[in-house]
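A.B. asks: Next come the chains, spelled out residue by residue.
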Amino acid sequence: MSDKKKQVTRRQFLNYTLTGVGGFMAAGLLMSPLRMAIDPVLQPSGDGDYANVGLAVDDITKDPQPVEWEIEQVDAWYKSDVTQKAFVFKDDKDEIVALSPKCTHLGCMVSWEGSESHPDQFYCPCHDGRFTKDGTNIEGTPPTEPLHEYEHKVEDGMLFLGKAYPRGEA
Amino acid sequence: MQWQQDDIKKYVQAKEYIDTIIMPLQPFHLTKDEKIAQTSYENEILTIFSNELEKELSGRTMRIPSYTYVRSADKEKEIERMKTWVTDIQEQPFEHLFFPTFDMTWKKHEINLPGNLIWLPVTQVEEIQSKEFKKWIHENVLQVSELIRSYW
Numbered sequence: 208m209s210d211k212k213k214q215v216t217r218r219q220f221l222n223y224t225l226t227g228v229g230g231f232m233a234a235g236l237l238m239s240p241l242r243m244a245i246d247p248v249l250q251p252s253g254d255g256d257y258a259n260v261g262l263a264v265d266d267i268t269k270d271p272q273p274v275e276w277e278i279e280q281v282d283a284w285y286k287s288d289v290t291q292k293a294f295v296f297k298d299d300k301d302e303i304v305a306l307s308p309k310c311t312h313l314g315c316m317v318s319w320e321g322s323e324s325h326p327d328q329f330y331c332p333c334h335d336g337r338f339t340k341d342g343t344n345i346e347g348t349p350p351t352e353p354l355h356e357y358e359h360k361v362e363d364g365m366l367f368l369g370k371a372y373p374r375g376e377a
Numbered sequence: 082m083q084w085q086q087d088d089i090k091k092y093v094q095a096k097e098y099i100d101t102i103i104m105p106l107q108p109f110h111l112t113k114d115e116k117i118a119q120t121s122y123e124n125e126i127l128t129i130f131s132n133e134l135e136k137e138l139s140g141r142t143m144r145i146p147s148y149t150y151v152r153s154a155d156k157e158k159e160i161e162r163m164k165t166w167v168t169d170i171q172e173q174p175f176e177h178l179f180f181p182t183f184d185m186t187w188k189k190h191e192i193n194l195p196g197n198l199i200w201l202p203v204t205q206v207e208e209i210q211s212k213e214f215k216k217w218i219h220e221n222v223l224q225v226s227e228l229i230r231s232y233w
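Sequences listed follow chains G and D, in order. Plus 207 on top of the position in the first sequence (first one is 1) and you've got the numbering used here. Plus 81 on top of the position in the second sequence (first one is 1) and you've got the numbering used here.
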């Protein structure tokens, strides 16, 4: 054993040491620029908040159509797939609108033209709440604010939806 | 509404709007090895179903904890116990009570139940994350909520 140890010369020892230390220093210097260079790859989170809802923009019509997609929701104790829903249509200016079907009164699911006596409106079956096509709550019915609207964007001809926010505050 | 702190705080503010109870009937047992898996599976999917049903109609319904009983128990005795739950519930202005279940033995006792039985035939799926199962839940939720709405 002691014979073997003596086989490492001073020159070799210095070589190993310098290569090792130098290597670490070089790696340390390279790390930050490298990390910055590939950062966009590591962080799809800009897109992560948006989900492809499986609807081509060309298929969006003037009539609100229901779409459903799933997002992963994490709360303190559980991680679960939660189904999100929206009504998607093009308004008179040909802009895409995606409304949340959650009634702003107490949270039931509204449906488009859900009441025969009120065509061209969103209708909540729980307490007869109604909203016009653009999501505005109709006075005299229980809801006190418009339906929430999803942020949206278009990529490769597909519709992506983000979070729903109260109208007027966006 | 769920029987949970946040929802209950909302409920207390808006109770005149919430008049319908969803109380699933869930059997429990650990006897009979060959049946436990099936019963626990039914328990699992009835829980999912009831929660989804509540989501659809949350502004007017309250989904309370499941009424749980030993599978072999005498149903008439259980109905007496269930009535004590209902008496408590009716301290609040609830008008409609619905009891979703997969346990078909309730059907014979339906007339004595202190609410409306919703007996659903169970579906067998391999995987509760499957599309097939989600579709089943979705369709049943829509049909049962239509049924509930017909009582309003």
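To be clear, the hints were calculated from the coordinates, so they are not data collected in a lab. Misleading hints may appear alongside valid ones.
[Unchecked claim] The calculated lysine to any residue pairs, modelled on SDA-like cross-linking and capped at a C-alpha distance of 20 Å, are:
1. D/K158 - D/P195
2. D/K216 - G/S287
3. D/K212 - G/V260
4. D/K216 - G/F220
A.B. asks: Each hint needs a verdict: does it hold in this structure or not?
C.D. replies: Hints, verified against the model:
1. About 13 Å separates the Cα atoms of D/K158 and D/P195, which keeps this hinted pair within 20 Å; it holds.
2. At most 20 Å may separate the alpha-carbon atoms for a hinted pair to count; D/K216 and G/S287 meet this at roughly 17 Å.
3. Of the pairs offered as hints, the one joining D/K212 and G/V260 holds, with about 15 Å between alpha carbons and a cut-off of 20 Å not exceeded.
4. About 69 Å separates the Cα atoms of D/K216 and G/F220, which puts this hinted pair outside 20 Å; it is violated.
Going down the numbered hints, you'll see the structure goes against just number 4.
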